[in-house]
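**Student:** Those sequence lines, one after another, are chains A and B. When the letters of the first sequence are read in order and numbered with our numbering, they come out as residues 3 to 327. When the letters of the second sequence are read in order and numbered with our numbering, they come out as residues 3 to 327.
Hints in this document: simulated from the structure, not taken from any laboratory. Accuracy of the hints is not assured; some may be wrong.
Stated by the list, open to error - What follows is a list of derived Cβ distance ranges for each label pair:
{"hint": "1", "chain 1": "A", "residue 1": "E317", "chain 2": "B", "residue 2": "R257", "range": "56 to 66 Å"}
{"hint": "2", "chain 1": "A", "residue 1": "T258", "chain 2": "B", "residue 2": "E188", "range": "49 to 59 Å"}
{"hint": "3", "chain 1": "B", "residue 1": "M156", "chain 2": "A", "residue 2": "R228", "range": "49 to 59 Å"}
{"hint": "4", "chain 1": "A", "residue 1": "R148", "chain 2": "B", "residue 2": "A283", "range": "44 to 54 Å"}
{"hint": "5", "chain 1": "B", "residue 1": "L238", "chain 2": "A", "residue 2": "G198", "range": "52 to 62 Å"}
{"hint": "6", "chain 1": "A", "residue 1": "G198", "chain 2": "B", "residue 2": "K295", "range": "20 to 30 Å"}
{"hint": "7", "chain 1": "A", "residue 1": "L315", "chain 2": "B", "residue 2": "E8", "range": "34 to 44 Å"}
{"hint": "8", "chain 1": "A", "residue 1": "R61", "chain 2": "B", "residue 2": "E317", "range": "26 to 36 Å"}
{"hint": "9", "chain 1": "A", "residue 1": "A104", "chain 2": "B", "residue 2": "E317", "range": "20 to 30 Å"}
{"hint": "10", "chain 1": "A", "residue 1": "A102", "chain 2": "B", "residue 2": "R228", "range": "22 to 32 Å"}
{"hint": "11", "chain 1": "A", "residue 1": "E317", "chain 2": "B", "residue 2": "E8", "range": "15 to 25 Å"}
Even glycine gets a Cβ: it sits at the ideal position worked out from N, Cα and C.
Number of protein chains: 2
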Amino acid sequence: MATLAEVGEFALIEEILQIAGRGAPGVRVGIGDDAAVLALGPHVAVSTDTLTEHVHFERQWLRPVALGRRAFRVAVSDLAAMGARPRYALLSLSLPPDMALADARAIVRGFDRDARGESVALVGGNVSRGSEISLTVTVIGVVAERPVLRRGAMPNQPIAVTGTLGGAAAGVDLLAAGRRGGRLAEAYCLPPLRVGVGQELARAGLAAAMIDVSDGLVQDLGHLCRASRVGAEIDLEAVPVAPGLRRVRSGVLRRTPLEYALHGGEDYELLVVLRDEEALAGAIRLCRRHDCKLTRIGKITAREGVAAKGGTLLEGGYDHFGMRA
Amino acid sequence: MATLAEVGEFALIEEILQIAGRGAPGVRVGIGDDAAVLALGPHVAVSTDTLTEHVHFERQWLRPVALGRRAFRVAVSDLAAMGARPRYALLSLSLPPDMALADARAIVRGFDRDARGESVALVGGNVSRGSEISLTVTVIGVVAERPVLRRGAMPNQPIAVTGTLGGAAAGVDLLAAGRRGGRLAEAYCLPPLRVGVGQELARAGLAAAMIDVSDGLVQDLGHLCRASRVGAEIDLEAVPVAPGLRRVRSGVLRRTPLEYALHGGEDYELLVVLRDEEALAGAIRLCRRHDCKLTRIGKITAREGVAAKGGTLLEGGYDHFGMRA
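So here's chain A without its partners, still in its complex pose (with noise of 0.2 Å):
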């Protein structure tokens, strides 16, 4: 199997362009000259995201197809929390020269399947040598009307959350002990796309702040309040917890399904604070036509600090250059 140091940067370049050069709406140019050109709005969202081998997955744990998906789901998550639209990304891979032309063609292959799901078309990026494989991806997007940002929560409004928490965390967990397969691998390795329902949640009206579940739930609430300038209360026993992880008997999690759940990160569902109890009602109908829960897990408090209902400060999340904060 050729590798990319046998077949050279041009070599894979050409096979990105076989993938995704094809046109696409807006795109004026596209991958293939110096920079991409491309038809937006007058107010554009743009972030950006990356995935590196022994800090954010091990080859094993990922085919590279899955590693593709996955990076744009990453990626997406952030304009997902914003309400934003998402139509363009870039993806700059740097790969090791003795990976397979065929892996880093598949990585891409996974990255343009998920992105076309999304109309969202791959537009440029870059590639290099890495020792370690690193994907870091660039998306852009366009905001429909206002977006919801992370400062517009108030007290006493309640907060909702997509989806389950902790899967992924556990996952990642039974996948470092060499654990293949099964719900909660799958949390981590394919998160869910929010795109849709918080484009809806934005234009709706409905959501006053919103952040994507990204480094535990704790944490980001926290970046949340921090930004509102305000508090929160967490029910703890609301707090929906991945469904396969109350099941799980290993001596291999090494944490409680609640801890998980609040701490892990890696979840990628959208942390919601709704307008009030009737936008509540709303965003919960809304998501329901989505196919996606919205589970009521507490409310903002004047308080600063995020605290269990009952008063306990909770703390913790994924620091990227410690282990945890």
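Please arrange chain B on chain A, whose structure you already have, making use of the hints.
**Tutor:** Just chain B now, with coordinates in the frame of chain A:
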């Protein structure tokens, strides 16, 4: 001195906010939310580029502030080559946990300094752990009128290049041999900023096709020719070799000055195909106003391939997975 592992991810993000978080024209939402929200024209140019330790640089070659400046200049060069006006940038940092926070801050300061100099706002990015330093920069700009692409060249049009060539690659060889400083090392560390020149060449309608010289003159001219389905003939005696290069008496440099200028790469000068001889004269005057030399080095031909005047085919350049194509 505090390391990233000691202070954590969010301390570094806080530093980045201090450096780059001030408002800038057009930035509706800057660093600190899920995505940046930007005001942009209807047609947008976007490009991304990566600098990775051991591939594009070694830590001892560049102080952190110079690394940040170089990362900006390298990335923005792609927009310059399209005649676009860069407006926003995203910086994704992969950094080893044992790096000093002060060094990480200096990278961002250097980046932000050169970005501000070109009225480009740093609006987002990502911070992550990695075993090697890696910077992925996405730049976003507006295309004032028609962008200058690679595919516009036609036979008999003159080819010209800004500045001088070969200095950066020779500088790399000197730095790799442990030699410090000097104009050649400087040519590598601090590539020229051709943003203004690129925009004016585009706006004046003088350039038929354009590309920046990142992988070596012959290779990048080859890209341009393939995109335009033409060939090129270079007058080797006219190629503007970096002035310091002819004077180096060093067993360290393994190639002739002309070889460095033809195949070296890392120059980040603009390679421009002018509409005709009159446009060339206008372009030379235009560049002079920017204190930038523009040198005619050959002409476009109908026969494919990049050849020296006289007929010898020229080949070679940098390949990111092997060593030389």
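**Student:** Against each hint, give a clear statement of whether it holds in the structure.
**Tutor:** Hints, one by one, checked against the model:
For the hinted restraint 56 to 66 Å between E317 of chain A and R257 of chain B, the CB-CB distance of approximately 58 Å keeps it satisfied. Checked against the hint of 49 to 59 Å, the C-beta distance between T258 of chain A and E188 of chain B comes to roughly 58 Å, which is consistent with it. Taking 49 to 59 Å as the suggested C-beta distance range, the pair M156 of chain B and R228 of chain A conforms, at roughly 58 Å. Taken as a hint, the range 44 to 54 Å holds for the pair R148 of chain A and A283 of chain B, whose Cβ atoms sit roughly 51 Å apart.
For the pair L238 of chain B and G198 of chain A, the beta carbons lie near 58 Å from each other, so the given range of 52 to 62 Å is met. Evaluation of the 20 to 30 Å hint for G198 of chain A and K295 of chain B yields a failure: the beta carbon distance comes to about 54 Å. Roughly 23 Å separates the CB atoms of L315 of chain A and E8 of chain B, a value that falls outside the hinted 34 to 44 Å. Taking the beta carbon of each, R61 of chain A and E317 of chain B are about 35 Å apart, inside 26 to 36 Å as hinted.
Distance hint check: the CB atoms of A104 of chain A and E317 of chain B are about 27 Å apart, consistent with the given range 20 to 30 Å. A hinted range of 22 to 32 Å holds for the C-beta pair A102 of chain A and R228 of chain B, which are about 26 Å apart. Take E317 of chain A and E8 of chain B: their Cβ atoms lie about 18 Å apart, and the range 15 to 25 Å holds.
Violated hints, in rising order: 6, 7; the structure is consistent with all others.
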